[in-house]
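*Asks:* Since the structure of chain A is already known, use the hints to place chain B on it.
Here's the letter readout for the chains.
2 protein chains.
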Amino acid sequence: MATELFEKQKTIDLRKKHIGPSCKVFFSHDPIKIVRARGQYMYNEKDEKYLDCINNVAHVGHSHPAVVSAGFKQMELLNTNSRFLHDNLVQYAQRLQATLPDKLSVCYFVNSGSEANDLALRLARQYTGHKDIITLDNAYHGHVSSLIEISPYKYKQLADKEQNPHVHVALSPDVYRGKYREDHSDPATAYADNVKDIIDKAHGNGHKIAAFIAESLQSCGGQVIPPAGYFQKVAQHVRKAGGIFIADEVQVGFGRVGTHFWAFQLQGDDFVPDIVTMGKPIGNGHPMSCVVTTREVAEGFTSSGMEYFNTFGGNPVSCAIGMAVLDVIEQENLQSNALDVGTYLTELLEQQKGKHPLVGDIRGRGLFVGVELVKDRAKRTPATAEAQDVIYRLKEQRILLSADGPHRNVLKFKPPMCFSKEDAELAVEKIDQILTELETVLGMGLSSTAVSENGSSKRKVSSEENGHHAHANGKGHYSQPPTAKSSKRIRT
Amino acid sequence: MATELFEKQKTIDLRKKHIGPSCKVFFSHDPIKIVRARGQYMYNEKDEKYLDCINNVAHVGHSHPAVVSAGFKQMELLNTNSRFLHDNLVQYAQRLQATLPDKLSVCYFVNSGSEANDLALRLARQYTGHKDIITLDNAYHGHVSSLIEISPYKYKQLADKEQNPHVHVALSPDVYRGKYREDHSDPATAYADNVKDIIDKAHGNGHKIAAFIAESLQSCGGQVIPPAGYFQKVAQHVRKAGGIFIADEVQVGFGRVGTHFWAFQLQGDDFVPDIVTMGKPIGNGHPMSCVVTTREVAEGFTSSGMEYFNTFGGNPVSCAIGMAVLDVIEQENLQSNALDVGTYLTELLEQQKGKHPLVGDIRGRGLFVGVELVKDRAKRTPATAEAQDVIYRLKEQRILLSADGPHRNVLKFKPPMCFSKEDAELAVEKIDQILTELETVLGMGLSSTAVSENGSSKRKVSSEENGHHAHANGKGHYSQPPTAKSSKRIRT
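Top line first, the protein sequences correspond to chains A and B.
All you need for the working numbering is the position in the first sequence, starting with 1, plus 179.
All you need for the working numbering is the position in the second sequence, starting with 1, plus 179.
The following block holds chain A by itself, in its conformation from the complex:
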């Protein structure tokens, strides 16, 4: 068992003193101190166990011994830059390539999803000679300057937001809450046509499209699953305009969706992006990521005459760790576990939808699942405060879940891939209890699903968002109306 160096309060005080105040903790009124973790479980300083339903970085399980051992062995031997030949680099590239369509054959190793997406933009702009980027509404692609610009999820938070004229925002292909819904005859075409309209308008203004970028499934954007065929149609429009298609798999890749290794493959075998970016799960927590593209795009980038060098990217340790992650996914059948457990979890949640009026929509692929809470099923009124209350109460039960999306009312499941059916049962059982309690307080029943906004706002509602801000108490006593502050979002 791990020991604690400082008393918890001292840790909090030092954090306030020395860590940037923009860097937020979970559950700020009573943040959690975690000292060790294993598999899908995390342990606090009192050795109390938490079930982790949100950490898509600890992909094959926290501190997986095979991954740790691979990292250790390589660290002992050599950790240097990619200006020297090393077998790990090429072997790892070869193995990643084997998971992808043939034409995605050239890798650039970098250190984070942000570095990967930034490089993807550089590749696209250099290859096409164009400048403009089309991004989706509510998208988040990373924290460096060039990515904040294409992340409405982030820049909409700014008081003095300034939209880059070379960035265009397309409709999020959300068939539950978006413009074209499940009752539309062809939402894939309708959403793709919106991209086409944007291209036409940009052309009219003398702009040229370098790329369309989207997460294969929008994560922060609210666990959105685009209708199949949407990417093919968008790619057609974008390529016709001389642009390319970037699939951001930073949050959703590496077998999480269960049926496929990459989430873009959900769209069908006839869809191949021009660039795929990877991140979070790739090294099970080790800082690394990758951009994979076609020979054509890679050659186009070279033609600029500018070399690309990344100090840490592709070092032998990162590559050894990356290969160990691929090994574990394979040896422990984690992709098929994601499918089995994810399907089971979705079924259990669907049953909750039958019981609880607060549950508006259940959507998921493998162990990427969203539960959208609403105050009114007909109007689909986001149950923002309720979602925050659920995650706070779950925390009291030692279950870690988060809420996200533009209205922060979507409970996000994206646990380590070793998540079990028993874990799913436990989480859903607790959610069931909490929703029952909440609905009792709110006077909601399936017979009274059309609870009006006025009706529920009579009660004082917590403004918490993933526990960011002060919460009166953990027992679900509502204390404050939603404030402007509560519109800040969190990404895990």
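Just so you know, the hints here were simulated from the structure itself, not pulled from any lab data.
Zero decoy hints are in this set.
Which copy is meant is left open, because identical chains are indistinguishable; a pair holds if it fits in one copy or across any two.
Simulated crosslink set (EDC-like; lysine to aspartate or glutamate; CA at most 20 angstroms straight-line):
| id | residue 1 | residue 2 |
| --- | --- | --- |
| 1 | K196 | E478 |
| 2 | K387 | D339 |
| 3 | K310 | E341 |
| 4 | K310 | D376 |
| 5 | K212 | E186 |
| 6 | K534 | E604 |
| 7 | K574 | D611 |
| 8 | K252 | D226 |
| 9 | K282 | D449 |
| 10 | K335 | E486 |
Everything numeric in this text was worked out from a predicted model, so none of it was measured.
*Replies:* What follows is chain B alone, placed relative to chain A:
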């Protein structure tokens, strides 16, 4: 001894197939395959030993056991994001802070020097409300989009370079080759006045300065040591304009300069930057870095309303490794070793200057040393091809050195900090031999230092630059005239 998975040629072939062609190797005609390293030595697949004079990332020595062990122990226990409280994060921040002036007290942990410098720009722009950045000529600050824009070292390579109107390039404060030289009565003021002129001109055009950014010692820019007092004067001008001062210590920090822990401290105790960025040596090769700033700037960043989250930044493993690096620097007296050995190395090189007309200038601080080669001491004509030949021939002698600067004629010493006097003697002895051979071929002697450019260009001169491009043979037989291609630069 490490084993090889692939034959060297197979490694090369796989690299060509799967790694972005913009990612260059050292010595492309016969790249080196390194399989293990320890201290300041690297070993190829035949277990042949190379002396590493260039790796400022393996700061406390390659694969230092204390650093490896710290990483391993923490990896076994926990590696997660900074949304949970963890003692490593706050303890490490506290320890870094203790190396800095008091007012630099707030840390943001990120994954690379590029992420650090990009965040520094975001902090500066948000805090000041201004947009424009002043950078130095020949500067390199990183590979993400926002940093290519402020890196003349990189963007000058582009065929279709497009200067961002919000970026202004100041003179490099190079007293050997710059506008104001060692014979100038006050180069610090003269170079700072150039920054003032830029500010005035920007104001005249309605632009406002967010920040001045400079490496505390320019590395890729040619191992440039700004005259003392220059930063103070620049800071005065920039702050008067409402901007802030960013000191980039990514290449030169952590005791390398010997007399001080941070290179900006060479300017005098009265100088404190508003932001310091760290990188390469911070984790001895582990992908991590840090931005440290003042409480004021940090609060200004928060006021935007936008949270900052970095998935891997500040994880417990990175922090454990960072602390182990600080421990080793202290326990092994590496800062004082850098001073002793660096001084000794500089003395040995000064002796070479007395012997070899090719040596135009020796400059250094601790284990950051530059040897500028010239074909003509009076005209200071850059000996570009000769510098490349020196590093190629050193490679044959199993000594790794690189050449950089705008004319790629500056030999760069920036070895692991455990570099010894014996290592210095060996490297200088080999350089002596090589320069003697070269000068014989070139017909140069100290009595004939004014060898004309025509005189030397009668010979076919190698176009190699750090071995990037094909080299006819390793024995120093000049094969090709310099080509446009040879103007590409390399950063190690």
